[in-house]
Every structure is written in C-alpha cells, then in structure tokens.
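S.K.: Which chain is which? The protein sequence lines are A, B, C and D, in order.
All letters in the first sequence, in the order written, are residues 14 to 168 by my numbering.
All letters in the second sequence, in the order written, are residues 4 to 520 by my numbering.
All letters in the third sequence, in the order written, are residues 88 to 200 by my numbering.
All letters in the fourth sequence, in the order written, are residues -7 to 113 by my numbering.
Note that these hints are calculated values from the structure, not bench results.
Note that this is a predicted model, so its numbers are computed, not measured.
Where a beta carbon is used, it is the ideal one built from N, C-alpha and C, also for glycine.
Please note that a few of the clues may not be correct.
What the hints assert, rightly or not - If the Cβ cut is set under 8 Å, some of the chain B residues that face chain D in the computed set are:
hint: 1; residue: His7
hint: 2; residue: Val148
hint: 3; residue: Ile155
hint: 4; residue: Ser158
hint: 5; residue: Ala159
hint: 6; residue: Asn165
hint: 7; residue: Glu172
hint: 8; residue: Ile175
hint: 9; residue: Leu178
hint: 10; residue: Leu189
hint: 11; residue: Tyr199
hint: 12; residue: Asp243
hint: 13; residue: Pro411
hint: 14; residue: Gly458
hint: 15; residue: Pro459
hint: 16; residue: Pro473
Stated by the list, open to error - Cut-off 27 Å, straight-line C-alpha distance, at most; resulting in silico cross-link-like pairs (BS3-like, lysine-lysine):
hint: 17; chain 1: A; residue 1: Lys73; chain 2: B; residue 2: Lys463
hint: 18; chain 1: C; residue 1: Lys164; chain 2: B; residue 2: Lys392
hint: 19; chain 1: B; residue 1: Lys392; chain 2: C; residue 2: Lys147
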Amino acid sequence: MTTTIIKTTTRLLAPLILVFGSYIILHGHLTPGGGFQGGAVFASGLILLIVANVRDKVQKLFEKTPLTQLESLGALGFLGIGLLGLMSYTFLKNAIANSGFLFGGTTPQGINPGYLNTGGTLSYLNIFVGTKVLAGLTSIVLIFFLILRRERDEW
Amino acid sequence: MIEHLPALMVALPLFGAFIAPLFKKHYKGVSIWAIFITGISVVLSLLLMKEVVTNGIIMYVFGADKPTLVLPSGYAVPIRIMFEVDAMGAFMAISATLMSFVGAIYSYSHVKKDTGLEKYYALLMLLEAGILGMVLTGDLFNLFVFLEIAGIAGSALVGFRNYRGEASEAGIKYLMVSSVASLMVLFAVGIFYGQYGNLNLAYIAKNVSFNMVDMIALGLLFASFAMKCGAVPMHYWVPDAYTEVPAGINPPLLVATYASLYALFRVSFTLFANVVIDLARVGWIMSILGVLTMFIGVTMALIQKDVKRLMSYHAISQTGYMLLGVGVGLTVLHDPSKLAEFGRDAMAGGVFHIINHIIYKSLLLMTAGALFYVTGTRNLNEMGGLARKMPITTISFMVGAAAISGLPPFNGFASKFLIYETSYRLNPLLTVFAMVTSVLTLASFVKVFASAFLGPPLEKFENKREVPKPMIVAMLILAALCILFGLFPNVVLDKLVYPAVDALINFAQYHSWGGLA
Amino acid sequence: MSFTLTTPSGFWNPLFWVIFLALFGLIAYLIYSRGNPSYKKESDQVRPYLSGNIEPAKEKVQVKAGDIYWGFIEALKGYYKILEAIHTGDIRDYILWYLGVGAIVTFILIGGV
Amino acid sequence: MNGSLFVNFPFIVVALLLALGFYTIGFKRNLIKVIIGVEILEGAVNMFIVALGYVKGGYAPIYTQAPQEAVGKMVLPTPQALTLTSIVIGVAVTALMLAFAVNIYRHYGTLDVTRVRRLRG
Chain A
14 MTTTIIKTTT
24 RLLAPLILVF
34 GSYIILHGHL
44 TPGGGFQGGA
54 VFASGLILLI
64 VANVRDKVQK
74 LFEKTPLTQL
84 ESLGALGFLG
94 IGLLGLMSYT
104 FLKNAIANSG
114 FLFGGTTPQG
124 INPGYLNTGG
134 TLSYLNIFVG
144 TKVLAGLTSI
154 VLIFFLILRR
164 ERDEW
Chain B
4 MIEHLPALMV
14 ALPLFGAFIA
24 PLFKKHYKGV
34 SIWAIFITGI
44 SVVLSLLLMK
54 EVVTNGIIMY
64 VFGADKPTLV
74 LPSGYAVPIR
84 IMFEVDAMGA
94 FMAISATLMS
104 FVGAIYSYSH
114 VKKDTGLEKY
124 YALLMLLEAG
134 ILGMVLTGDL
144 FNLFVFLEIA
154 GIAGSALVGF
164 RNYRGEASEA
174 GIKYLMVSSV
184 ASLMVLFAVG
194 IFYGQYGNLN
204 LAYIAKNVSF
214 NMVDMIALGL
224 LFASFAMKCG
234 AVPMHYWVPD
244 AYTEVPAGIN
254 PPLLVATYAS
264 LYALFRVSFT
274 LFANVVIDLA
284 RVGWIMSILG
294 VLTMFIGVTM
304 ALIQKDVKRL
314 MSYHAISQTG
324 YMLLGVGVGL
334 TVLHDPSKLA
344 EFGRDAMAGG
354 VFHIINHIIY
364 KSLLLMTAGA
374 LFYVTGTRNL
384 NEMGGLARKM
394 PITTISFMVG
404 AAAISGLPPF
414 NGFASKFLIY
424 ETSYRLNPLL
434 TVFAMVTSVL
444 TLASFVKVFA
454 SAFLGPPLEK
464 FENKREVPKP
474 MIVAMLILAA
484 LCILFGLFPN
494 VVLDKLVYPA
504 VDALINFAQY
514 HSWGGLA
Chain C
88 MSFTLTTPSG
98 FWNPLFWVIF
108 LALFGLIAYL
118 IYSRGNPSYK
128 KESDQVRPYL
138 SGNIEPAKEK
148 VQVKAGDIYW
158 GFIEALKGYY
168 KILEAIHTGD
178 IRDYILWYLG
188 VGAIVTFILI
198 GGV
Chain D
-7 MNGSLFVNFP
3 FIVVALLLAL
13 GFYTIGFKRN
23 LIKVIIGVEI
33 LEGAVNMFIV
43 ALGYVKGGYA
53 PIYTQAPQEA
63 VGKMVLPTPQ
73 ALTLTSIVIG
83 VAVTALMLAF
93 AVNIYRHYGT
103 LDVTRVRRLR
113 G
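Bound-form chain A, shown alone (with noise of 0.2 Å):
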C-alpha cells in the first residue's frame, strides 16, 4: 500500500488534517465537534500516516512515541479538572468559567461570534479527552497494523 500516489497525496494531507484536528478540538465549546471528534480527526492523519509507510520505519518511530502514558494523561487529566469541581460544588463543575484564568474569559450572553478564551473546564475537558482519543484510536490501528504486516511478509 505504499505506492508513490499514495505517499505524495499523504504528505500534502496529512498536515492538513492534523491542523483540522487540533482545530476542531480547540473550538469544541464554540463550534460542532469537540473532545472525540477532533481526537478521531487529529488520530486519522496519524493513521494515514502510518499506512502509507513500511512497517519497520513506523515501528521505529511509534517505539519512542508514548501513546500509552499520552493516553493515560488524558484520562488523568480529566478526572482532575472533574475533581476540580469538587471545591465549588460537585464533581465536574465548571470552576473555571468567568474566573479570568486560561479559557476563563468571560462568557458573552446570545449570539456571537464565538471567543476562544471562554468555556472554562470544557476546553480543558475537550483537549484531555482529544488527547486519550488520538492516541487511543491511533494505537489500536498502529498495533493492528503491526500484527497484520507481519503475517503479511511472513505468508
């Protein structure tokens, strides 16, 4: 699967869509999307990526890369912007919006044209679970993909 159409179109893609990716989770509390679906989105760059290069190389590469520990943090990071909530009131509580911090801007009332530094935890939340989600969804393919090639050359 690694013919020169597919490598050429990958490396004008794959760019692309990471940047879409890291986009969609960002403004996932002013835009549709959020969190799982710019993780699935950044994930499917990774995995064009992947599939369009030789096992060994993506074997070298994937070796140094922590998508277990990347996944772990996500998942740790939300549980602890969900404590967090715990000192206003209950469990994943907004304790951020309107306070001023990061993402903690102040929220405007009706329509508008959409502020970044808003949300409060909910961007916090989105770029934790966008996290677990490209690197959860990229090692399933990544481990797939490596068992399959192997039976493949082995066949």
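Using the hints, position chains B, C and D against chain A.
M.R.: Just chains B, C and D now, kept in the frame of chain A:
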C-alpha cells in the same frame, strides 16, 4: 468530603485504572497499587452504606447543585446526569468493591507468570468502576454507558490469556452477547426518551404510562438484563466466560453479572412498579425463569468434567434462586397483606442470596483456580488425591461447597431457607424444584471433592505444594465471611439486606422527588 | 443483640446449632468408641483383600470424575441428549435464543396471553 | 398521508436495519460478517435516537454566528449526545471484537463460526 462519596466511588477506581498503565513493567508495583486502590474503595463503600442507612437516599448531581433546568416558561425538567444511591445500590457497591479487593489480592500471585499485567490491573479497576457506576446511577443512559464499560473491560479480561485460542473465543462470545444486550437496552432507553423526553429514572418512573410501547421497552430491558445475568435459556456465555477468565477476575466478573441482575430488579421495581396490572405477570415470568435456570443449570453441571465449567453452571443455577426469591416478592408487591406475610422475606432471601452467592462462588472458583495453578489442568479426570498436598485449599473448598449446598451453618443456608419457605407460600411446586436443585448441587460438589481432593495420592503430583500466600489469604477471607454470614445471618439481614429490600419495595421513595427537586 | 433469625415459619440461632453439634458429636463418639479396638493402622489390615490378586497401581483404581454418577446420567439419557443438542457453543445461537426469549417476553407483556 | 410516511420514514429504515442486523448475526458463518452485523445493529439504534431528536424548525444549539431567527428555537441536543457516546463505545467494541477475531484466526486457522466452538456442552 462525605457528600461527594458517590462521585468518589467511581472516580477512585478510574484514577487507579489510568495510573496503572504508567507502571509499565513493574508488575509488583502495579499489583500492590491495585490492592491499595481496591482496598480504599471497600472503605468508601462501607461509608456510603452507613450514610445511606442513616440519612436516606443520596442524590448527587454532576456539574451543578441542582438536577433541574427551569426554562424561562417555568417548565422544569431534570436534564443533568445524576447518581441516586439507595440502600440496594449501596449493598451492591459493597459486594463489588469487596470482590474486586479479594480478586486483586488473589491475582497478586495467580497471574504472576503472565505478561501485560499493567493492563490486567487497569482493566480490573475499570471493571470495578463500571459495576459501581451501574449500581449507583439514577439515569437510564448512564446505566447503558456503565453496562458497556463493564462489558468491554470484562470481555477484555476474559480474553486476557491471548496465548490460548479458547480465551479469545470466550472473549468474543461474551463481548458479542453483552454488546447486543446493551444495544437493545439503548433502544429501550431511546423509546423512553422519545415518549417522556427524559432519561432520569425517577422522572420516567413517575410519568410512565401503561401503553404498548412502554411494554415493548420493558420486554427489551427484561430480556437484555436477563441475558446479561445468565438466565436460562440465554446462559450459554456464562460457562465460556467464567471458565477462561483468570481466576482472580472471577469475583468481579460475578459481581458484574449480578449488577445486571440489579438492573433487572431496578427496572422491574423502580421503573415499572407503578403499573399495577402487569406486575404480577412480570413476577411470574421471573419466578418461572428462575426455576428453569436453577434446574437446567444444575443438571448441566452434573455432567461437566472441567472443574471451572462445572462451577460456572452452578453459578447459573444459583442465579435462579435469586430470580425466584425476588420474583415471588414481585408477584405480590401490590398485595400488602401477602407482602408482609411472605413477599418481603422472599425478596430478602433473593437479595441475601446475591451477596452469599458472590462470596461462596468466588471462593469456589478461586479454589478451582488454585487447582489449575498447581496441577496445570482443569480436567477433573486427571486430578486426584490433592487434599494432602493442599490442605488450606481443601478446607476452603469444603466451606464453599457446604455453603453452596445450603448446609448450616454456612451462609447459603440462611438465604435458601428464606427462599424455600416463602416460595412454598406462593406455589409449592417452585419449592420442590428449588430443593431438588439444592440436592443435585451437593451431589455435584461431592463429585468434585471426591475426584480432585480425595483418593490415593497420584505420582504426577508428587512434589506439588500449597499455593502461594496471597492466594491463601484471599481464599481464607472469603471462607471466614462464609462462616460469619452463616452463623449470624440476622445481623447481616438487618444491617444490609432488609434496608436494600425496603428500598426496592418502597419504590415511591426513590422517585418521590419526581425529578423536580 | 440477639442472633436469632426469625423466618415466616421457623428460626435459626447459632447457639442452638452449637448445642446440637455437640449432642451429635457425642452420639458419634459413642458409636465410634464401640468399634473394634484391635484395628492397627501400620499392619496388613489396611491393605485391600482382592481374592489373592496383586493390588493394582493407585492411579488405575482411582474412580475418575467422569464415572461418578454414571448410572444417574445413563438413566436420564434422553434429557441430556436434548440439553447437549441446545448447548451448541455457536455464537449465533446465543443471539438467536436471546431474540426468541425477548420476543416471547415482550409478547406476554403487551398482553398477548 | 404523504407527510406521515415522510415523518415515519427514518423509523421504517430503523426497523429494516434492525432486522438486517439480527439476520447477519444469526445466519452468516463468517465471524467478520457477524461483527459487521453488530455494527449494523448499532447503526440502527443510533439512527433511531437521532431520528427521535429531530424537531421541525429547530436550530442546532450553537450560538457562534447563529442566524438571528434561531433565538428561542434551539433544541436540546441530548439525543445527539447520546448517539455520540454510543458511537464512541461502538468504536471500542469493534476494535476489541476485531482483535479477538485476529487472535481466533491465529489459533483456530479459521473464521467459520461453526468451527470456532471448542467451548460447548
């Protein structure tokens, strides 16, 4: 902090589960971490039970101080995710945390030789989180989510020994069954949402009417949860899954099965209890399903040669007792005189049997795991004369076998006693089946005992020794619980079981706030 | 705190159980003490007498698990034949049984019967 | 008359998909096809919930650059949230099922479900 207990109950195992992969190859560290986390969660669940018994139902809303959204027009609906913990939920939470703890201790040495243990423990704690979420939630969709979490984590654990083809086979069977059941639960949830525009259990229960679509939803929920808890004739996945799973996971997996039973009770009592006309019918279906389950389960167990498979069929058969006990109670729920006369005790028997069965069946499956650990086989035909080599395992097995057969003074006796007496009042035929089942249970455990432990010492097991200490500790904890629960059943009944049963019977209390607090 | 469990038509108390245990233990001991005292464990008395034949190896005379309750299973052969026929182990049958039971339960619940 | 058919059309599709899904699970011999059957069921259920959530004349509840007439007509996005959650779970289920299928193929050398049954009886 005490008011945040319901959230912490789920957050703690999740935290443990996400930390666990970071241990990488430090298998000793991760197993101690798992024991630590599950141990704390036992303490939390006991606190939760105390809180529920003293202060009544706990409502915990996520992300806000109130569950309700009041629209500008004055229309108020509960839209937030919330946990609603009553005594029944707390009771199940205690079972779940206790069994995860025991399973973690047992796993310390049982899976020592396997690799990928950081994932094993992560999944163990994820399974615990799934069960806890299922039993604590007050939201139908949340129930589905946690059902799936428990199902995925459970089936991944069933297929944990990926060097065995059978493990993968059992894993995909369990996963297929649980995902189809969960999807149908989601379908039923969709039906409720379409009709009542809400997902809150209490709100739906208050507004549920008795139309055909509701009854279809009830049928879907009933069949799905019955399949997930292993009622005949949808029990085929149970022996497969229980046999192939590492023995340390058996206790939490059992609780996961009974969390589905809990959901079944929750649906039939809390959600549909207001529908007077059909409830006796549901109760009868449950009782008959129970009788079928116990009888077919035990007769299949008699002919098994694989020791864990034999015990899994007994797990099916014991589920029948719970269905029978609670089904009898459900049949007479709207008849106050009969309810006071025997209905409440029948349900107490059924609910008490849940925790009893979880304890002694975990004990038995652990002894089976110990046999496998020592002999390397599960085939009863190849065992024999192990009593001298493994005295503590033998004693644990005897305690478990006596308990499952309902011999006094072990814990199975008290709950079976209650079920016999009360089902006799509804229909003597039910009792006859229950007793025959009990006799056959004893018979098949005599078979295991005679063929694995008794007999002349075999040469091939010459230099086998007793299992390592953590496994012994785990088995002895459960054996001690068996005897304690058996000697003083009234204490357990008063402190744990009757509050749970009353929580089920007084369903009006559960939705008294009607989602509009 | 009392330890008596009262059920609709009976009760359970661990103290009574201990008393009865002691009682029956006593009876068992009485029967045991009337046994033959000349039995010796370390002598040939413990060896089975097989009409003069040599005793076979222990592993050969052990009763295997599959042979226990042979008669019972033989008597219920027809029943077990049906049971084994429905326990196919085929993943598709698991779902089909679920469908069937779900359909029947729903049918009963919506008032078909 | 014409309108009611149009409104009910998604639900007819849902029923068809449910039947198709159960047929695929129940009568196909290839394990991969059985897994596809579960996916079809999931699609049916998701579609059911999304179809329930459709409100005529409603707007998506996004305030960012919403049109002026959307104010007061925004819908509660619960069904969409449910579907999304169910899709996420579905991804995990599919991945795990396929992983099991790979492993089964390695050990049994086949994906025929009538032969993948060492555990029975």
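S.K.: Decide, hint by hint, whether the structure agrees.
M.R.: Hints versus structure:
Against a cut-off of 8 Å between C-beta atoms, the interface hint on B/His7 is violated, since the closest Cβ of chain D lies about 24 Å away. A least Cβ separation of about 6 Å between B/Val148 and chain D falls short of the 8 Å threshold, and the interface hint therefore holds. Interface hint status for B/Ile155: upheld, as the beta-carbon distance to the closest one in chain D is roughly 6 Å, under 8 Å. For the restraint placing B/Ser158 at the interface with chain D, the shortest Cβ-Cβ distance is roughly 7 Å, inside the 8 Å limit, so the hint holds.
Restraint check, B/Ala159 versus chain D: the minimum CB separation of about 6 Å is within 8 Å; hint holds. Because the smallest distance between the Cβ of B/Asn165 and any Cβ of chain D comes to about 5 Å, under 8 Å, the interface hint for this residue holds. The interface hint given for B/Glu172 holds, since its Cβ lies 6 Å from the closest Cβ of chain D, which is under the 8 Å cut-off. Interface restraint check for B/Ile175: the shortest CB-CB distance to chain D comes to about 4 Å, inside 8 Å, so the restraint holds.
Contact between B/Leu178 and chain D, as hinted, is supported at the beta carbon level, the nearest pair being about 6 Å apart and thus within 8 Å. Residue-level restraint check for B/Leu189 holds (minimum Cβ-Cβ distance to chain D is 5 Å; threshold 8 Å). The interface hint given for B/Tyr199 is violated, since its Cβ lies 11 Å from the closest Cβ of chain D, which is over the 8 Å cut-off. At its closest, the beta carbon of B/Asp243 sits 4 Å from a beta carbon of chain D; the interface hint therefore holds under the 8 Å criterion.
Proximity of B/Pro411 to chain D is violated relative to the hint, the smallest CB-CB distance being about 34 Å (cut-off 8 Å). At a threshold of 8 Å, the smallest CB-CB gap from B/Gly458 to chain D is about 25 Å, leaving the interface hint violated. A hinted interface residue such as B/Pro459 counts as satisfied when its beta carbon comes closer than 8 Å to some beta carbon of chain D; here the least separation is about 29 Å, so the hint is violated. Given hint, B/Pro473 at the interface with chain D, is violated; its Cβ is 29 Å from that chain's nearest Cβ, farther than 8 Å.
Simply put, A/Lys73 and B/Lys463 have alpha-carbon atoms about 47 Å apart, too far for the 27 Å limit, and the pair is violated. Among the hinted pairs, C/Lys164 with B/Lys392 is inconsistent with the structure: their alpha-carbon atoms are about 37 Å apart, more than 27 Å. With a CA separation close to 20 Å, the supplied pair B/Lys392 and C/Lys147 stays within the 27 Å bound.
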